[in-house]
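With the sequences and hints as input, model every part of the structure.
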Amino acid sequence: MGRPGGLARGASGYLPTVPDPLIISAVLVPDAQADLDAQRRRWFPADRLHVGAHITLFHALPGDLIDDVRTQLTRLTQGERPAIHVGDPFKLGRGVGLRLQSSELEGIRGAIAKRFDADLTDQDARRWRPHVTIQNKVTPDEARRTLETVRETHVPYDTAVDALALWHYRGGPWEAAGDFRFGRSD
Numbered sequence: 054m055g056r057p058g059g060l061a062r063g064a065s066g067y068l069p070t071v072p073d074p075l076i077i078s079a080v081l082v083p084d085a086q087a088d089l090d091a092q093r094r095r096w097f098p099a100d101r102l103h104v105g106a107h108i109t110l111f112h113a114l115p116g117d118l119i120d121d122v123r124t125q126l127t128r129l130t131q132g133e134r135p136a137i138h139v140g141d142p143f144k145l146g147r148g149v150g151l152r153l154q155s156s157e158l159e160g161i162r163g164a165i166a167k168r169f170d171a172d173l174t175d176q177d178a179r180r181w182r183p184h185v186t187i188q189n190k191v192t193p194d195e196a197r198r199t200l201e202t203v204r205e206t207h208v209p210y211d212t213a214v215d216a217l218a219l220w221h222y223r224g225g226p227w228e229a230a231g232d233f234r235f236g237r238s239d
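If you're matching positions, the sequence shown starts at 54 in my numbering and goes up one per residue.
What the hints contain is simulated information worked out from the structure, not anything from laboratory work.
Hints should not be assumed to be uniformly reliable.
[As the list claims (entries may be wrong)] As a list, the in silico SDA-like pairs of lysine to any residue whose alpha-carbon atoms are at most 20 Å apart:
hint, residue 1, residue 2
1, Lys144, Asp90
2, Lys190, Arg94
3, Lys190, Gln131
4, Lys144, His184
5, Lys190, Arg152
6, Lys167, Thr127
7, Lys144, Gln131
8, Lys144, Pro83
9, Lys190, Pro115
10, Lys144, Pro183
11, Lys167, Gln125
12, Lys190, Leu129
13, Lys190, Thr109
14, Lys144, Leu129
15, Lys167, Asp120
16, Lys144, Leu102
17, Lys144, Arg180
18, Lys167, Asp117
19, Lys190, Ala91
20, Lys167, Gln131
21, Lys167, Leu129
22, Lys167, Gln92
23, Lys167, Arg152
Set out below in structure tokens:
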């Protein structure tokens, strides 16, 4: 039978093939998140900048599972903030990303993937390569120049994940559907 497709190419770009898809992203502590947001604003084409810097854990979980997803995110964020390393820049198609490393966040993502295995799209079922996209949808030359500049200026650092965020994707800017901060007991 196979998995749901995830995204299909439409006249106006990529459109979800999963009804009312849910996105799960990780949010860093405020100072690190502000740094990544600033880099994304600097390098991302302004007319295509619809969301801030984000670490996507899942691109398209089925929207009708929202209550179960919220339950899982509440359970998985009871512990301490996961440590994360913001690493070196790399070429990402027609843009630039920053590599991320966090065994704790990988474990959390693995638990979510296991719970929703039958509902994962092909994209979400693949091996996860954590990163933050700071530039996309530019010419190859512009991406190369940006990568050179970021390699010269970016200093990798260690920080922490503050929360997991849940979003609705309905073809435009993401719509908030939940914020799950680490270390809460409520």
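20 Å limit on alpha-carbon distance, applied to hinted pair Lys167 and Arg152: violated, 24 Å
Below or equal to 20 Å on CA atoms is what counts here, so check Lys144 against Leu102. This hinted pair holds, its Cα atoms lying about 19 Å apart.
Is the Cα-Cα distance between Lys144 and Pro83 20 Å or less? violated, 26 Å
For the pair supplied as a hint, Lys190 and Leu129, confirm whether the alpha-carbon distance does not exceed 20 Å. violated, 34 Å
Given the hinted pair Lys144 and Asp90, is their Cα-Cα distance within 20 Å? holds, 18 Å
Regarding the pair Lys167 and Asp120, is the alpha-carbon distance no greater than 20 Å? holds, 17 Å
Does the alpha-carbon distance linking Lys144 and Gln131 stay inside the 20 Å limit? violated, 35 Å
Please verify whether Lys144 and Pro183 have alpha carbons no more than 20 Å apart. holds, 14 Å
Between Lys190 and Arg94, is the straight-line Cα distance small enough, at 20 Å or below? holds, 14 Å
Hey, Lys190 versus Thr109, does the alpha-carbon distance stay inside 20 Å? Roughly 18 Å separates the two Cα atoms, so the pair holds.
Take a quick look at whether Lys167 and Thr127 sit within 20 Å of each other, Cα to Cα. holds, 16 Å
Does the structure keep Lys190 and Pro115 at a Cα separation of 20 Å or less? Given that 20 Å is the threshold and the Cα spacing comes to 27 Å, the pair is violated.
The structure does not agree with the numbered hints 3, 7, 8, 9, 12, 14, 22 and 23 stated previously, though it agrees with the rest.
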